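Using the hints, position chain B against chain A.
From first to last, the protein sequence lines are chains A and B. Read left to right, the first sequence gives residues 1309 to 1763 (my numbering). Read left to right, the second sequence gives residues 1309 to 1763 (my numbering).
It should be emphasised that the hints constitute simulated quantities derived from the structure, not laboratory data. Being a predicted model, the structure only gives us computed values, none of them experimental. Any given hint could turn out to be false.
[As the list claims (entries may be wrong)] Computed list of lysine to aspartate or glutamate pairs in DMTMM-like fashion (alpha-carbon distance at most 20 Å, straight line):
1) LYS1483/B / GLU1326/A
2) LYS1370/A / GLU1404/B
3) LYS1401/B / GLU1387/A
4) LYS1338/A / GLU1697/B
5) LYS1370/B / ASP1380/A
6) LYS1338/A / GLU1583/B
7) LYS1383/A / ASP1442/B
8) LYS1489/A / ASP1586/A
9) LYS1370/B / GLU1404/A
10) LYS1397/B / GLU1389/A
11) LYS1692/B / ASP1586/A
12) LYS1521/B / ASP1597/B
13) LYS1338/B / ASP1335/A
14) LYS1397/A / GLU1389/B
15) LYS1615/B / ASP1656/B
16) LYS1401/A / ASP1380/B
17) LYS1483/A / ASP1656/A
18) LYS1573/A / ASP1706/B
19) LYS1401/B / ASP1380/A
20) LYS1383/B / GLU1389/A
21) LYS1682/B / GLU1576/A
22) LYS1682/A / ASP1380/B
23) LYS1370/A / GLU1404/A
24) LYS1518/B / ASP1595/B
25) LYS1689/B / ASP1586/A
26) LYS1682/A / ASP1463/B
27) LYS1370/A / ASP1410/A
28) LYS1692/A / GLU1404/B
29) LYS1534/B / GLU1501/B
30) LYS1489/B / GLU1555/B
31) LYS1383/B / GLU1387/A
32) LYS1682/B / GLU1735/A
33) LYS1338/B / ASP1410/A
34) LYS1312/A / GLU1501/B
35) LYS1383/A / GLU1697/B
[Unchecked claim] Covered stretches of chain B (in silico footprint by chain A; criterion: 3 or more residues with CB under 8 Å from a CB of chain A, positions within the stretch not fixed):
36) 1318-1332
37) 1353-1363
38) 1392-1406
39) 1426-1435
40) 1524-1536
From the three backbone atoms N, C-alpha and C, an ideal C-beta is built for every residue, glycine too.
2 protein chains.
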Amino acid sequence: MAQKPSIPKGTRDFSPNEMARRNYIFDTIKSVFRLYGYQQIETPAMENLSTLMGKYGEEGDKLLFKILNSGDFMKSVGEEELAERNLVKLTNKLCEKGLRYDLTVPFARFVVQYRGQLQMPFKRYQIQPVWRADRPQKGRYREFYQCDADVVGSDSLWNEIELLSMIDMVFSRLKVRVAIKINNRKILTGIAEIIGEADKIVDITVAIDKIDKIGIDNVNEELRSKGLSEEAIERLRPLLEMNGSNEEKLTTLSTLLAESETGMKGVEELRTVVEGFDSLGHNCVADIDVSLARGLNYYTGTIIEVKALDVQIGSITGGGRYDNLTGVFGMPGLSGVGISFGADRIYDVLNQLNLYPEDVAESVKVLFVNFGEKEAAAAAKTVKILREEGVAAELYPDVAKMKKQMGFADSESIPYVAIIGETELQEGKVNLKDMATGKQETLTPEELVEKLKNA
Amino acid sequence: MAQKPSIPKGTRDFSPNEMARRNYIFDTIKSVFRLYGYQQIETPAMENLSTLMGKYGEEGDKLLFKILNSGDFMKSVGEEELAERNLVKLTNKLCEKGLRYDLTVPFARFVVQYRGQLQMPFKRYQIQPVWRADRPQKGRYREFYQCDADVVGSDSLWNEIELLSMIDMVFSRLKVRVAIKINNRKILTGIAEIIGEADKIVDITVAIDKIDKIGIDNVNEELRSKGLSEEAIERLRPLLEMNGSNEEKLTTLSTLLAESETGMKGVEELRTVVEGFDSLGHNCVADIDVSLARGLNYYTGTIIEVKALDVQIGSITGGGRYDNLTGVFGMPGLSGVGISFGADRIYDVLNQLNLYPEDVAESVKVLFVNFGEKEAAAAAKTVKILREEGVAAELYPDVAKMKKQMGFADSESIPYVAIIGETELQEGKVNLKDMATGKQETLTPEELVEKLKNA
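Isolated chain A (complex conformation) (with noise of 0.2 Å):
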């Protein structure tokens, strides 16, 4: 009967000790949206597999976690299909619901559906999770959460701005120092057209992506292995090794660029968006970076991109414009622009840096040690009033030896430890220890109720 539990791979349980950094996390994350005025919406875990399939590519498809349909699942299936075997066509008659795999397609059907009751533009942020049958690996679960910010219905640049803007607050305030990288779809347009290889910008896009990890020379290898002549790689080459000021690179880019009407329409919006941010005074800088793509097919503007400075880890934060989101659900013409805060590594950079508050794991601020029925009797009125004044404290449940209940405090980490014994009955005070510094004093329970109120 009885079974080893476990749960399944690529997904994790969180002790009191990680859910506390964890919230920590996000409660700065939400309470930055909430400042910028972005409304919080849940979608359920389960969409319509109609919904998801075909939005993820071929490969996404089969990443997606399917349910079995409830009741009779082989109702539908015929004997053919069973002797078939054919996975796929099985797949839809077993199953008509999946998870969510990402928050912006749950997220896309969410305005359509609801469109006529939506003000526009719509500033909404989700923090939900998402579940994917990848292969799990250090650092990638089947089971992750995605923190959303997105604004659909404006063109206006402000909206980029603001969450550049967004950015800045939020890893400042959780002491994260940072890079963000800016890019506009529009260049890397511009960029193929210029060097006479327009239908070649996938290609383009996916090599110089890479730069930074493989290097010029492989990328230019890579573009020659794709086709591109000697020529366009030749005059790639500046673009590629631009650098200096954002104001140095706007300039080289409108002189490069400068046949190109895209081309020059992206320079204009990331020279705005750019300029617009600086202008305000931020703890972080955009840098622009013309190889900066990121999943190219969807961005149409703006291209942004976080790195932490001070830990060696993939990008933390991400996003940029998309001028057709819900066009897949029949309401084309929509334009947004959205990021998306990468907790599951924001968190791993605030463990290895340790930027948590020092009182971050902290269960209660104050634990009463029982002493038997009419101590505790005395020490839950105190404890009750603490509650009531805002202040986390707990008795003690059962009578133990003092040192059980003294380790308990401790391999909690609670700082405060009141004792009500028979004299301080007596007296009608209260034993309080700092568990840090071991000093001990007797105070009034209104004095104890102060105390521990500004502790």
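Same frame as chain A, now just chain B:
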């Protein structure tokens, strides 16, 4: 290509307005859990089916949502099994994982899995969705949240008193008037013994649990149909007709159950809990109700149920003590007690009585109108200062007609609109309109910040 988007039946999307109201409830419950020293954990949405199956009865097994195995899910399905079309056998072959059905079984699994690392008593809370393939109907969903708080590893009745106190604080803060009903499983056992029908305890408790709904005559009829003797039914009557204060009921019970050791133990436990709760002074009253049973086979001591006084609805919170939660996972002898807040029903109650704070759905405190590039740039600077000072604020991103922007503020219930037009720009001031009163005043940015921080 275009699909009319929808979500699976029995599931829900939550709009910003609904989320604000739900967050108000969840945040209230969470803040109370924390004041009492309960610490949060989270478990994965997917559990191994071996963890879930057999824990909720045969009917429950059918109501589990099962996840189709990834990859070649037909691999281990033999020809004979296919031909046979045995759903149970096929499910076992096709699926290894299922969605969480409640928070209790995952918690039990968690406690056993990490028993070496957990400090006892372990007080945990958990607020996560659960999924059930129930037939959807009004007020019953296939995805809904549970809010559980449990303490394991302590037999002390202080835990019960604390849980009652927590119920009191949650509903006091939510301004919902409630009645707490309380019973003890040992009293039910005692009753069955005393009327000479110990072996019929399940039938007896199932029947008397319905007394509020169907009345004593129908309860007796049901008991007769289950084979209870007329004598037993007569001996039961005074117990069911018992009324008066808790003290009077405890006295009556002590007399009537004097011959049952278990029954008398139950009376003592009940007295300790009720008197302990009363002695601390609370807003709501815990009333003894010996007909209260709730999932009898589960609870072994205290049984708790909460009903709203001003809305006709089922129980909105419930719980009790169980002595063998972890036995099925190979860890016997661990006692626990817990309660579960029914978030969806509490949401219904607050909606019906309109008990939300006035500003619950407020997105931002102030919207800055966008009159064009220069004005917007000045507005963006003030918006940034407001946000840094903790005031949620936004700039309308697009240059649109005044009427449209004011209409946006109105439909989003934004209490203030700030205007920086040509005049204000020259004077370095902001014109602020109170949307409720229509009153306008011209302020310096510093005055504006001060005013809105306190608004």
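Each hint, compared with the structure:
As the CA atoms of LYS1483/B and GLU1326/A are separated by approximately 33 Å, the hinted pair breaks the 20 Å bound. At most 20 Å may separate the alpha-carbon atoms for a hinted pair to count; LYS1370/A and GLU1404/B meet this at roughly 17 Å. Between the alpha carbons of LYS1401/B and GLU1387/A the distance comes to roughly 18 Å, so the proposed pair stays at or under 20 Å and holds. For the proposed pair LYS1338/A and GLU1697/B, the alpha carbon gap of about 16 Å is at most 20 Å, so the pair holds.
Taking the CA atoms of LYS1370/B and ASP1380/A, the gap is near 10 Å; set against the 20 Å cutoff, the hint holds. Between LYS1338/A and GLU1583/B the alpha-carbon distance is near 42 Å, which puts this suggested pair outside the 20 Å criterion. At roughly 19 Å between alpha-carbon atoms, LYS1383/A and ASP1442/B fall within 20 Å of each other, so this suggested pair holds. At roughly 14 Å between alpha-carbon atoms, LYS1489/A and ASP1586/A fall within 20 Å of each other, so this suggested pair holds.
As the CA atoms of LYS1370/B and GLU1404/A are separated by approximately 17 Å, the hinted pair is consistent with the 20 Å bound. Proximity of LYS1397/B to GLU1389/A is assessed by CA-CA distance (about 19 Å); at most 20 Å being required, the pair is judged to hold. With a CA separation close to 13 Å, the supplied pair LYS1692/B and ASP1586/A stays within the 20 Å bound. For the suggested pair LYS1521/B and ASP1597/B, the alpha carbons sit about 14 Å apart, so the restraint of at most 20 Å is met.
At roughly 13 Å between alpha-carbon atoms, LYS1338/B and ASP1335/A fall within 20 Å of each other, so this suggested pair holds. Proximity of LYS1397/A to GLU1389/B is assessed by CA-CA distance (about 19 Å); at most 20 Å being required, the pair is judged to hold. With a CA separation close to 13 Å, the supplied pair LYS1615/B and ASP1656/B stays within the 20 Å bound. For a cut-off of 20 Å, the pair hint linking LYS1401/A to ASP1380/B stands: about 15 Å separates their Cα positions.
Of the supplied pair hints, the one linking LYS1483/A and ASP1656/A holds, its CA atoms being roughly 14 Å apart against a limit of 20 Å. The straight-line distance between the Cα atoms of LYS1573/A and ASP1706/B is roughly 18 Å, inside the 20 Å bound, and the hint therefore holds. Restraint check for LYS1401/B and ASP1380/A: satisfied, since their Cα atoms lie roughly 15 Å apart, inside the 20 Å limit. Between LYS1383/B and GLU1389/A the CA atoms are separated by roughly 15 Å; this keeps the pair inside 20 Å, and the hint holds.
For the hint linking LYS1682/B to GLU1576/A, the alpha-carbon distance of about 17 Å falls within 20 Å, and the restraint holds. At roughly 65 Å between alpha-carbon atoms, LYS1682/A and ASP1380/B are farther apart than 20 Å, so this suggested pair is violated. The straight-line distance between the Cα atoms of LYS1370/A and GLU1404/A is roughly 15 Å, inside the 20 Å bound, and the hint therefore holds. At most 20 Å may separate the alpha-carbon atoms for a hinted pair to count; LYS1518/B and ASP1595/B meet this at roughly 17 Å.
Our distance criterion of 20 Å between C-alpha atoms is met by LYS1689/B and ASP1586/A, whose separation comes to about 11 Å. Distance check on the hinted pair: LYS1682/A and ASP1463/B sit about 18 Å apart at the alpha-carbon level, within 20 Å; holds. About 14 Å separates the Cα atoms of LYS1370/A and ASP1410/A, which keeps this hinted pair within 20 Å; it holds. Restraint check for LYS1692/A and GLU1404/B: the C-alpha separation of about 46 Å exceeds 20 Å, so the hint is violated.
Proximity of LYS1534/B to GLU1501/B is assessed by CA-CA distance (about 16 Å); at most 20 Å being required, the pair is judged to hold. The suggested pairing of LYS1489/B with GLU1555/B holds, with an alpha-carbon distance near 15 Å, which does not exceed 20 Å. The straight-line distance between the Cα atoms of LYS1383/B and GLU1387/A is roughly 17 Å, inside the 20 Å bound, and the hint therefore holds. Between the alpha carbons of LYS1682/B and GLU1735/A the distance comes to roughly 69 Å, so the proposed pair goes past 20 Å and is violated.
Only pairs whose Cα atoms come within 20 Å are accepted, and LYS1338/B paired with ASP1410/A is rejected, the gap being roughly 27 Å. Restraint check for LYS1312/A and GLU1501/B: the C-alpha separation of about 37 Å exceeds 20 Å, so the hint is violated. A threshold of 20 Å between alpha carbons decides the hint, and for LYS1383/A with GLU1697/B the separation of about 61 Å lies outside it, so the pair is violated. Judged by the Cβ-Cβ criterion of 8 Å, the stretch 1318-1332 of chain B is covered by chain A as claimed, because 9 of its residues qualify and three suffice.
Interface restraint, the stretch 1353-1363 of chain B with chain A: holds (6 residues with C-beta to C-beta distance below 8 Å; minimum three). Only residues whose beta carbon comes within less than 8 Å of a beta carbon in chain A count, and the stretch 1392-1406 of chain B has 8; three or more means the coverage holds. Coverage of the stretch 1426-1435 of chain B by chain A holds in this model, with 4 residues showing a Cβ closer than 8 Å to a Cβ of that chain against a need of three. Residues of the stretch 1524-1536 of chain B lying with their CB closer than 8 Å to a CB of chain A number 0, which falls below the three-residue condition for coverage.
Checked against the numbered hints listed earlier, the structure breaks hints 1, 6, 22, 28, 32, 33, 34, 35 and 40; every other hint is satisfied.
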